[in-house]
Amino acid sequence: MNWQALVPLIGVILIIFGTGVWAGKYIKSSNTFMQDYFLGGRSLGGFVLAMTMTATYGSASSFIGGPGTAYTEGLGWVLLAMTQVSTGYFVLMVLGKKFAIVTRKYNALTMVDFLKERYKSKWVVLISAFSIIIFLFSAMAAQWIGGARLIESLIGIPYTTALFIFAVLVLIYVVIGGFRAVALTDSIQGSIMFVGTLVLLIATIIAGGGISNIVSDLSAENPNLITPYGAEGTLTPAFVSSFWILVGVGVVALPQITVRAMSYKDSRSMHRAIIIGTIVVGVIMLNMHLIGVFARPILPGIEVGDKVMPLIALEVLPNWLAGIVLAAPMAAIMSTVDSLLLLVSSSIVKDVYLNYVEPKASHQRVKGLSIGVTAVLGVIVFLMALNPPDLIIWLNLFAFGGLEAAFIWPIVMGLYWQKGNKYGALASMITGVGLYILSDSFFPQPFGLHSVVMPVVVSFFAYVFVSLGTQEKVVGQKT
Amino acid sequence: MQEENTAKSDPRYKTANREALIGVGLVVFNFIWWFAFAYGLGGKDPSEYTYVFGLPAWFFYSCVLGFVVMAVLVIIAVKKWFVEVPFDEEGEE
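If you're matching them up, the sequences are chains H and B in order.
Here the first sequence stands for residues -13 to 465, where the numbers follow my numbering.
Here the second sequence stands for residues 3 to 95, where the numbers follow my numbering.
Source of the hints: derived by calculation from the structure; they are not laboratory data.
Incorrect hints may appear among the rest.
To be verified - Derived SDA-like pairs (lysine to any residue); straight-line CA-CA distance at most 25 Å: (1) B:K46 to H:V450; (2) B:K16 to H:V450; (3) H:K293 to H:Q(-10); (4) B:K16 to H:Q(-10); (5) H:K251 to B:K46; (6) H:K102 to H:P432.
Claimed, not checked - Facing chain H, according to a computed beta carbon distance under 8 Å, are these residues of chain B, among others: (7) A18; (8) A22; (9) V29; (10) F31; (11) E50; (12) T52; (13) G56; (14) P58; (15) F62; (16) F69.
Stated by the list, open to error - Chain H regions said to be covered by chain B (calculated; three or more residues, Cβ under 8 Å): (17) 58 to 67; (18) 83 to 90; (19) 335 to 348; (20) 419 to 425; (21) 430 to 444.
Positions of the beta carbon are idealized from the N, C-alpha and C atoms, including for glycine.
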């Protein structure tokens, strides 16, 4: 038990908690519960917006799994991780103003609301809602495992106990606060991540005796560690480049990101968010993964990659500081989990229940149901995370790919291409998800590319051809 | 619903479309920079690597400098070309 590290960590978590509860007060006095609970009343400013996107996106995979893999693979994995810098500007620029304007026009609160208004199709809505529920579930489980691992290696308690503590923490503050709580706490968490990774990187470099020293230690151990090709030479340019689709541009289609692109207050906030977001994402990604690589000469022989971050922090920093810095990955994980939880519950309550089960449900009922569903979901994910795999990153990336394959074209083409219609959207979602699951299970790297690339490409053609082929049908229906 | 989404019906969409294209352009540039330095300089045998600030040159130019360049470009693009438009409709809210 490491009290010196634990006390600051608990302190940070308490601050986050306080913010959540404070934000929860808005919800109680609110007349527009749905808008507030799920979207924070569309009032996010630039800084909060940038931070909430970063914190949501910079999840357990990048904080715990990512550095762990970088530790194993060397600089090649940092190269791969840097494909994520584009998310900082790309998502907001591409969805940008159009998405903000259109979702306000449609009065949409979730990504599925947008799809519903754009395509007017029950099946588009149902398939979307179920994709969100299924894929985000696996993403959530990954996050919870990361959170529990962190507590486990920090305090030295058994995994199950750690998971339990983590689950209780997250659930309480999501349930009370809703989206505003999530966005506000994300800002605190994003700031901690930003500063935390910087401090830890500097301390790691000092502990390793300077960058040159660390790099020559790495190349003495295995020259491949300092090439772009990975420790075993397995990271081919084609494979690494395909991460531009998976974690770079494809992020446009992740519901947890798009929902944030509906929540900004005005153009100015959006502009500021683009700039702040790019810098913050870049710094965090670069630092974190470099820490993973640089940790190798300092702490050789770590077997579970997920434990690299906590161990290196405890090694190179004074205990109290390690506690504060470790609040960063903790923050990252919590902020990802909370937004995923909120999304899955909004999908169930809003997209499925309110649309198709009971459209006339009372205000009070919706409120109770939203909170209840969120809590129940939390418990289910907890059970799923009880028996975790070693490297959580794959589980998480699986979910990313699935969502991207499903939504990228219905969203992007839906915004920018007039001729796109519901048949195109359906065809694109079905081929995207279907191919992705097939490809991921049976031939994981077709043509040396990541399994997300092919479904994304094929579903584009499916969208375009089916939309064009059914033009008359849609026109006929309209009259 | 089809006509609702065209640039004619709403001049704000023209701005939005242009800015989306800027985003695409930046990503393409970002990718080329990242790829060219990483595999152009990193493709050699590690014993022939040169170093910048202790980091292998390919890594420095591709990941460190590449990030700085992108951040600067993004700032310039937003400040110079992005136009502020209202999101809410006139008369509403």
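So, going through the hints one by one against the coordinates:
Taking the CA atoms of K46 (chain B) and V450 (chain H), the gap is near 42 Å; set against the 25 Å cutoff, the hint is violated. Distance hint between K16 (chain B) and V450 (chain H) is fulfilled; the C-alpha atoms sit about 22 Å from each other, no more than 25 Å. Of the pairs offered as hints, the one joining K293 (chain H) and Q(-10) (chain H) holds, with about 19 Å between alpha carbons and a cut-off of 25 Å not exceeded. Note on K16 (chain B) and Q(-10) (chain H): the hinted pairing is violated, with a Cα-Cα distance of about 56 Å set against a maximum of 25 Å.
The straight-line distance between the Cα atoms of K251 (chain H) and K46 (chain B) is roughly 49 Å, outside the 25 Å bound, and the hint therefore fails. Under the criterion of a C-alpha separation no larger than 25 Å, the hint pairing K102 (chain H) with P432 (chain H) is inconsistent with the structure, at around 33 Å. The closest approach between the C-beta of A18 (chain B) and any C-beta of chain H is roughly 4 Å, which is under the 8 Å cut-off, so the hint is satisfied. Because the closest C-beta pair between A22 (chain B) and chain H is about 5 Å apart, less than 8 Å, the hint holds.
At about 5 Å, the closest approach between the beta carbon of V29 (chain B) and any beta carbon in chain H falls short of 8 Å, and the interface hint on this residue holds. Annotation: F31 (chain B) was flagged as interfacial toward chain H, and the flag is violated, the nearest CB pair being 10 Å apart, outside 8 Å. With its C-beta approaching chain H no nearer than about 11 Å, E50 (chain B) sits outside the 8 Å limit, and its interface hint is violated. Interface hint at T52 (chain B): violated, since its Cβ lies 12 Å from the closest Cβ of chain H, which is beyond the 8 Å cut-off.
With a cut of 8 Å, the hint placing G56 (chain B) at the interface with chain H holds, because the nearest CB-to-CB distance is about 3 Å. Annotation: P58 (chain B) was flagged as interfacial toward chain H, and the flag holds, the nearest CB pair being 5 Å apart, inside 8 Å. Taking 8 Å as the C-beta cut-off, the interface hint given for F62 (chain B) is violated, the closest approach to chain H being about 10 Å. The interface hint given for F69 (chain B) holds, since its Cβ lies 4 Å from the closest Cβ of chain H, which is under the 8 Å cut-off.
Given a C-beta distance limit of less than 8 Å, the hint that chain B covers the region 58 to 67 of chain H holds, as 3 residues qualify and 3 suffice. Look at the region 83 to 90 of chain H against chain B: 6 of its residues bring a Cβ nearer than 8 Å to a Cβ of that chain, three or more, so the hint holds. Note: the region 335 to 348 of chain H has 0 residues with beta-carbon separation from chain B under 8 Å; the three-residue rule is not met and the coverage is violated. With a threshold of 8 Å between beta carbons, the proposed coverage of the region 419 to 425 of chain H by chain B is violated, since 0 of its residues qualify and at least three are required.
Requiring three or more residues with a Cβ within less than 8 Å of a Cβ of chain B, the coverage given for the region 430 to 444 of chain H is violated, as only 0 such residues are present.
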